[in-house]
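Protein chains in written order, with our numbering: chain A, 421 to 637; chain B, 536 to 875; chain C, 1050 to 1470.
Keep in mind the hints are simulated off the structure, nothing from the lab. Treat the hints with care, since some could be wrong.
Unchecked claim - No more than 30 Å apart at the CA atoms, straight line, and that leaves these computed lysine-lysine pairs for DSSO-like:
| id | chain 1 | residue 1 | chain 2 | residue 2 |
| --- | --- | --- | --- | --- |
| 1 | C | LYS1280 | C | LYS1334 |
| 2 | B | LYS790 | B | LYS761 |
| 3 | A | LYS601 | A | LYS615 |
| 4 | B | LYS651 | C | LYS1273 |
| 5 | C | LYS1406 | A | LYS591 |
| 6 | B | LYS651 | B | LYS603 |
| 7 | A | LYS615 | A | LYS591 |
| 8 | B | LYS651 | B | LYS730 |
| 9 | C | LYS1092 | B | LYS651 |
| 10 | A | LYS601 | A | LYS591 |
| 11 | B | LYS730 | B | LYS761 |
| 12 | B | LYS603 | B | LYS816 |
| 13 | B | LYS816 | B | LYS730 |
| 14 | C | LYS1278 | B | LYS603 |
| 15 | B | LYS651 | C | LYS1335 |
| 16 | C | LYS1335 | C | LYS1406 |
| 17 | C | LYS1239 | C | LYS1280 |
| 18 | C | LYS1092 | A | LYS601 |
As the structure is a prediction and not an experimental result, all values here were calculated from the model.
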Amino acid sequence: MGKDVRLLFDPFGIRIHGRGGQGVVTAAELLSVAAFLEGLHAQAFPSFGSERMGAPVVAFCRISTRTIRTREPISAPDALIIQDVTLIHQLDVFSGVNPFGYVLINTSRTFDELGLGEFIERFDRTHVLTVPATEIALEHLGRPVANAVLLAGFAAMSNAVSLGSVSEAIKRRFSGITADKNVAAAESAFNFVMKELEGSRSLSGVYHEGAKDSSDA
Amino acid sequence: MTFQPIKFYQTGSFVVGNRLLGENLRTVQSDIARSDSLTLGHRACQGCGEALGARYALDAAMRATGNKILATNATGCLEVFTTPYPETSWQIPWLHSVFGNTAAVATGMAAALRVKGREDIRVVAQAGDGGTEDIGFGCLSGMFERNDDVLFICYDNQAYMNTGVQRSGATPPAVRTATTEAVGSHPGNVFGQGKNLPQIAMAHEIPYVATATVAELHDLEAKVEKAMSMRGARYLHILVPCPLGWGSDPSATIKIARLAKETGLFPVFEAESGEVTGVSKIRHRLPVESYLSEQRRYAHLFKPVENREVLDRIQAMADRNVRRFGLLEEEVANNTPREQ
Amino acid sequence: MLEQIEGSRAVAKAVALCRPEVVCAYPISPQTHIVEALGVLVKTGELSPCEFINVESEFAAMSVAIGASATGGRAYTATASQGLLFMIEAIYNAAGLGLPIVMTLANRAIGAPINIWNDHSDAMAVRDSGWIQLFAETNQDAVDLHIQAFRLAEEISMPVMVCMDGFILTHAVEEVDTPSQGQVDAFLPKFVPRQVLDVDDPVSIGAMVGPEAFSEVRYLAHAKQLQAKEKIPGISREFELIFGHPAGGLVNGYRLENADTVVVAMGSLLGTIKDAVDDLAEEGKKVGVLGITTFRPFPLEEVYAYLSEARRVVTIEKAFAVGMGGILATDVATSLNRVRIDQYSVIAGLGGRAITKASVRSLLEDAIDDRLEPLTFLDLDHELVEREITRMRESKRSGPTAENLIRDAQLKKFSRTQRDG
């Protein structure tokens, strides 16, 4: 395990929500590869359904310092990554989420604007963030594919994997310019989140609304 | 010794006797060095057209390839009568898997040969009309569509003979079988059903499609030879009378096969890449009754009273074949009884 | 090389290292990723010489494999569920002919109702076909068992089916130590067919056999399976020597020492069970696990040897014989017919229903307290079932069951939301 990496939970269960075509399954795979590169054990798997563009898709990733044997889906995730914000009022995406865990939502809006202001108050301030990942992806890739970008955000927020491992996982999965652009987008998202976290730490106890204003990242 | 011009067809059967031909023009079957791929001692019925067809076709394929043939076989009469435990009549490598998968098994054989760089060895798949047109059709179409290097031979005796003469997709209208009995107001098999497999094969635009009968040995062997000179999926559809199922005299198998062609009911032709390239013309056109009346499976059309309506419909089918394939020489056409 | 890789891709790599000469593919979930990956390896030339054939059905897939194998080619295909049933005539034929074909079965439920998710109904449907059936617990297992499968198949000239749980393993990305070509070549000799279509030495394969010798031919199929049972442990040991880690074998035990309750299961379910058993062990409960790696031939003696000292045996399986009960449980019971042991049969995870550690745990607690029924359907919604039985009793035309259950469940969910909201 890299020295800067630490698992707040072990095993650490991550659930990723999105829609068919958004690379949800790939995100879980990339995260597991990043964890593998840290020397951790990891297991990624999709919630298996008939593949249709636009349909809600869930994928899971378990990370642990020990061998992972269980095969059950993650019903009580330690982290939620929501790639498609339109799902939050359609499905119970927050079902079972660990109150000491993490929530990362891809949106340029604030939690208040999403109607989640009250909900996220039960979490540690530094464990809940919105990231305009689609905008970051558009800026760097020219396409609204936010999966890899969000992983970097998750890495920054959780320290479960390092940015270097996420970038390396991206490079192993994609090649050439696609890989380079995704890595650049990931770095941008990582820095964005680090800045956000500084903000929320300094505003101790005060709910932050920084996501919208800091989209220059 | 003085030579005199040979008059062919002197027997009136239109058959060219081997003994009248030069050595190089004689059939494979007449050659004492033929391979006997399907050797004697098998358990086929007397007068079995399928046994003849298989023997002719495989020996011709053997000669054409320098004796490098692997054969596969669908379940059916040919499979059963050639391999009764503890004997086999096959003198070539031969594989029987199941009823409906022969074309796919052949694909696998050809694929293995390709991997092993043994494309000098060729694959022949064989099935009856049921194993070709009905239960084996999916695999056959797949093999055609992939253009696998296989010669598929259908021995068409127009019903499921192995199980006791039941109707198949190749059973012609009005035929009596065990499942299309000659009872009721429309005795025998119904009109307007069945399929024309040679034409379906042509629709796959495979390199070679041909039909033949066991009556014309030269033609059959030449088609096998031509098929073996080509690569890719090839289809040969041989009409093989079945004395048991057709209710015909075992000694009349060749004659009946010839009548099928001469009446126009079984067009003999060949096609390349989906286009007809050759037709065996009818030499002496005969009305369909001459063919039908030789077979008890059509007996209900003649007794107790002649069923003119059905006979006319069958004649119309023959006429349509004649038109569709251009089976008549122009001058001969003018002399045929029904075309006047 | 240790890598983080999807199960299907890892299996495709392993199969490619075994140098199959003919691979036939027909798409059915969840088997698709395996043959897709093999198709790429053939097209790039990494797997060469090999013919990759897109066939028109599973029946054709197995038939092409039969033709290729009888012609001396190492043949491989993969399928699942309905696909396996569609090829079942050729499945029996391949075994009857004694052709050493290797096939991956990405285990999936059988319809109706149509269901793409995992259980073992497909494998169980062909358990008597003469194929050897190996079950993978992890993707590492799946990789290792495929390599052993080719070796075993060719040594005894019988087909081998490697069963890996559809989606749960095929689509899971986890760490797998994929072997090198050198290791596989050292372990798997060149294919020398016991019978082959050869123009220089013609034979008839697949001839008809009547009552005079049919029993003998069938018995020989059984004898070959017994022979396989003898060979499998040796192949497993040899594999470990070359690849450096254990894999395969007939059965695999876990915490069996002094266990008075033993859980028997096959496939990926074993992982979740082991987690549950560890939790119970922390509470001082003596529960062990016996994983069945080789289901056909069934290791009767080995199962007896591991279970005969236990007080109770709980067999958890993802399939059942309708009208009868557990299938694996019945085989286990046959192993134990000499001893008196309480036996419980549990049917779980049908059609992809998640098997949770919590459910397994409470099930085992019930077993330990002797509160378990002899036949249990884990996490069954009894109320939903009862309401449909009532509908069927009340109306002759009660309609299609699957739709009735969907509607019923939706209504129940709706009323719950109304109540809670």
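Comparing the hints with the structure gives:
no., hint, result
1, C:LYS1280 to C:LYS1334, "36 Å, violated"
2, B:LYS790 to B:LYS761, "25 Å, holds"
3, A:LYS601 to A:LYS615, "21 Å, holds"
4, B:LYS651 to C:LYS1273, "28 Å, holds"
5, C:LYS1406 to A:LYS591, "36 Å, violated"
6, B:LYS651 to B:LYS603, "15 Å, holds"
7, A:LYS615 to A:LYS591, "25 Å, holds"
8, B:LYS651 to B:LYS730, "38 Å, violated"
9, C:LYS1092 to B:LYS651, "18 Å, holds"
10, A:LYS601 to A:LYS591, "10 Å, holds"
11, B:LYS730 to B:LYS761, "25 Å, holds"
12, B:LYS603 to B:LYS816, "33 Å, violated"
13, B:LYS816 to B:LYS730, "23 Å, holds"
14, C:LYS1278 to B:LYS603, "39 Å, violated"
15, B:LYS651 to C:LYS1335, "56 Å, violated"
16, C:LYS1335 to C:LYS1406, "17 Å, holds"
17, C:LYS1239 to C:LYS1280, "18 Å, holds"
18, C:LYS1092 to A:LYS601, "29 Å, holds"
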